[in-house]
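2 protein chains.
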Amino acid sequence: MTSSTRLCLVAGTTGTANIDGLSAAGATPAAMRETPSADAELLCYGEPVRMGEMPVSPSGCPTPALFTRVARELVGFDVAVIDGGLAEPTAAPTVSVGAKPGGDIRERDPVPSGPGAFAAARQLGRQLPSTELLVAETIPGGTTTALGVLRALGEQGAVSSSLRENPIAHKREVVREGLAASGLEPGDAAGDPRRAVRRMGDPVLATAAGTALGAIETDTAVTLAGGSQLLAVAALLRHAGVEMPLDLATTPFVRADSSADLEELAADLDVSVSATDPAFPPEGHPALAAYVAGEAKGGVGFGGALELADRAGIPMARVRERAVSLYEEVQDA
Amino acid sequence: MTSSTRLCLVAGTTGTANIDGLSAAGATPAAMRETPSADAELLCYGEPVRMGEMPVSPSGCPTPALFTRVARELVGFDVAVIDGGLAEPTAAPTVSVGAKPGGDIRERDPVPSGPGAFAAARQLGRQLPSTELLVAETIPGGTTTALGVLRALGEQGAVSSSLRENPIAHKREVVREGLAASGLEPGDAAGDPRRAVRRMGDPVLATAAGTALGAIETDTAVTLAGGSQLLAVAALLRHAGVEMPLDLATTPFVRADSSADLEELAADLDVSVSATDPAFPPEGHPALAAYVAGEAKGGVGFGGALELADRAGIPMARVRERAVSLYEEVQDA
Numbered sequence: 001m002t003s004s005t006r007l008c009l010v011a012g013t014t015g016t017a018n019i020d021g022l023s024a025a026g027a028t029p030a031a032m033r034e035t036p037s038a039d040a041e042l043l044c045y046g047e048p049v050r051m052g053e054m055p056v057s058p059s060g061c062p063t064p065a066l067f068t069r070v071a072r073e074l075v076g077f078d079v080a081v082i083d084g085g086l087a088e089p090t091a092a093p094t095v096s097v098g099a100k101p102g103g104d105i106r107e108r109d110p111v112p113s114g115p116g117a118f119a120a121a122r123q124l125g126r127q128l129p130s131t132e133l134l135v136a137e138t139i140p141g142g143t144t145t146a147l148g149v150l151r152a153l154g155e156q157g158a159v160s161s162s163l164r165e166n167p168i169a170h171k172r173e174v175v176r177e178g179l180a181a182s183g184l185e186p187g188d189a190a191g192d193p194r195r196a197v198r199r200m201g202d203p204v205l206a207t208a209a210g211t212a213l214g215a216i217e218t219d220t221a222v223t224l225a226g227g228s229q230l231l232a233v234a235a236l237l238r239h240a241g242v243e244m245p246l247d248l249a250t251t252p253f254v255r256a257d258s259s260a261d262l263e264e265l266a267a268d269l270d271v272s273v274s275a276t277d278p279a280f281p282p283e284g285h286p287a288l289a290a291y292v293a294g295e296a297k298g299g300v301g302f303g304g305a306l307e308l309a310d311r312a313g314i315p316m317a318r319v320r321e322r323a324v325s326l327y328e329e330v331q332d333a
Numbered sequence: 334m335t336s337s338t339r340l341c342l343v344a345g346t347t348g349t350a351n352i353d354g355l356s357a358a359g360a361t362p363a364a365m366r367e368t369p370s371a372d373a374e375l376l377c378y379g380e381p382v383r384m385g386e387m388p389v390s391p392s393g394c395p396t397p398a399l400f401t402r403v404a405r406e407l408v409g410f411d412v413a414v415i416d417g418g419l420a421e422p423t424a425a426p427t428v429s430v431g432a433k434p435g436g437d438i439r440e441r442d443p444v445p446s447g448p449g450a451f452a453a454a455r456q457l458g459r460q461l462p463s464t465e466l467l468v469a470e471t472i473p474g475g476t477t478t479a480l481g482v483l484r485a486l487g488e489q490g491a492v493s494s495s496l497r498e499n500p501i502a503h504k505r506e507v508v509r510e511g512l513a514a515s516g517l518e519p520g521d522a523a524g525d526p527r528r529a530v531r532r533m534g535d536p537v538l539a540t541a542a543g544t545a546l547g548a549i550e551t552d553t554a555v556t557l558a559g560g561s562q563l564l565a566v567a568a569l570l571r572h573a574g575v576e577m578p579l580d581l582a583t584t585p586f587v588r589a590d591s592s593a594d595l596e597e598l599a600a601d602l603d604v605s606v607s608a609t610d611p612a613f614p615p616e617g618h619p620a621l622a623a624y625v626a627g628e629a630k631g632g633v634g635f636g637g638a639l640e641l642a643d644r645a646g647i648p649m650a651r652v653r654e655r656a657v658s659l660y661e662e663v664q665d666a
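As given, the protein sequences belong to chains A and B, one line each in that order. Take the first sequence: its position 213, counting from 1, is numbered 213 in our numbering, and each next residue is one higher. Take the second sequence: its position 272, counting from 1, is numbered 605 in our numbering, and each next residue is one higher.
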């Protein structure tokens, strides 16, 4: 077989996103339900298809799917979207592993489909023929569920945010309520990743961890393409017994988020972090400047896609130019 | 938007394939259930993934998906697989339009999901951003259901076969039984494509016709990439009121099938037929020679993919060489 690189985007939802003030992954709370479906369409088709609009934050910052799509156009890597619990039908082709939309982690059993999705995704990860796999996510509210999983596993550290000001105290309170509802103390799910993700996580984390585990078990090179949520995936892999080195490809915007301290958590989990800088100008096009100002920061494999573009010798100026032109095309459509 | 060509493979099943002796789209009747799922995997990944093996006929002739995959590798066109009623979960990403596996057309109401799938696929066809769409199919037993639809619509003409000897008398008998079970005389569903496909067709025909209709309505260039089954789609489009010219891209093996007389039916339906010749040597590799001997003949967009390769200036010798090497790789895997 010839070598091939594939980005697996795991797209899904959690009821945790309905809690006010946790996420900027949608213009309104109602729009957040559609964000993962629309992100998948943007990645696969270059524009929203069944979904009416490109996802934006309440302030208008465009979804990072825009940049991942641009990198894909320029580099030509393969893509597979895995349904990690979508709430709205997407026109993007998706692989099913049985994941269903997740509930609010303040419920006792928010992700009953998690263990089954983990197992089916693991089998899929074992079977996918690519020689290199990037695992990415799109799920509004996902940093809160990532924090929930980290606490259930007994890992310390904070998580990043799609909001400019990280509502980390609010996330911690939600996680405390979730642990109480699940009858768990921090660390009670150490060594039991299925329990951690079912009680305190979301279906995307379950699916992403399963996919990565299966790929690792069959000697596929795996890159965790994301920030805090993919570090939670790394934690799930460590608690599943994975001991080999793990690589995280993120953005400089996530890495610079002092409220999250990604590097410290990564060091605890023995994960190497890289971040390719797209050199967005702070005074440039608003779609780029919003990232420099700390909005959105990452997601949808943005950091991993930049790394693939850089490795393919694509100048970052081309990524920036095409991102602006695609943004304008989609806005005008 | 930049121009783009996409092959939409509609993949599904019909209980009609369980009737002995109608189809060669699988090594055994049980394997035929898996053929569309495996064809989709071959197209998307270059090898079977969740499915254990590459589909072959009882005599070992490989699925035409092999050649469509090769053309895709060489040309780089986009692909979307639409779930037209799959019976086995596939690792290929698929778009859902609500189609369910079809029943045996000798039942009264074999395709209750047909009208809904037609409507959802039509909407999808309207929304897909490609500037050119090739519509293709994979469904064992599909030429018999194609004949059923043609008769229900009142169209004359025969259909081709994946078997070297077309069991056309058997197909006609099955269609007679089906019409009787549905309380229909030939032509009773003229002008009513939804009824024809629900009572005498299969979910792939419903989905393919809907996709093509939606694309045509939004001025996307549509090519029907196939043989008799895509001519049945053309008939459904004509009975839905489509009057514009329609193009069918098939293989020389389908066109040469005297038992089907594709050209006459195409002329009746005002469909232009083209066939790109891959020049398979009759004494060459068995995987190619089987086609020259009249097995399989087409399907999975084989003819359309050859046309795209030819238009892109890919020499047919490269298609043949890569097809043989991919065949050997998949057999050895």
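Just so you know, not all the hints are guaranteed correct.
A few chain B residues that don't get close to chain A, going by computed Cβ distances all over 10 Å [said to hold, decoys possible]:
| no. | residue |
| --- | --- |
| 1 | 360 |
| 2 | 379 |
| 3 | 660 |
Which stretches of chain B does chain A cover? Using the computed rule of at least three CB atoms under 8 Å from a CB of chain A, they are [unchecked claim]:
| no. | segment |
| --- | --- |
| 4 | 380-390 |
| 5 | 424-433 |
Quick caveat, the hints were computed from the structure, so don't treat them as lab data. The model shown is predicted, which means the values in this text are computed figures rather than measured ones. Where a beta carbon is used, it is the ideal one built from N, C-alpha and C, also for glycine.
**Prompt:** Checking against the hints above, which ones are violated?
**Reply:** When the structure is compared with the hints, only number 2 turns out to be violated.
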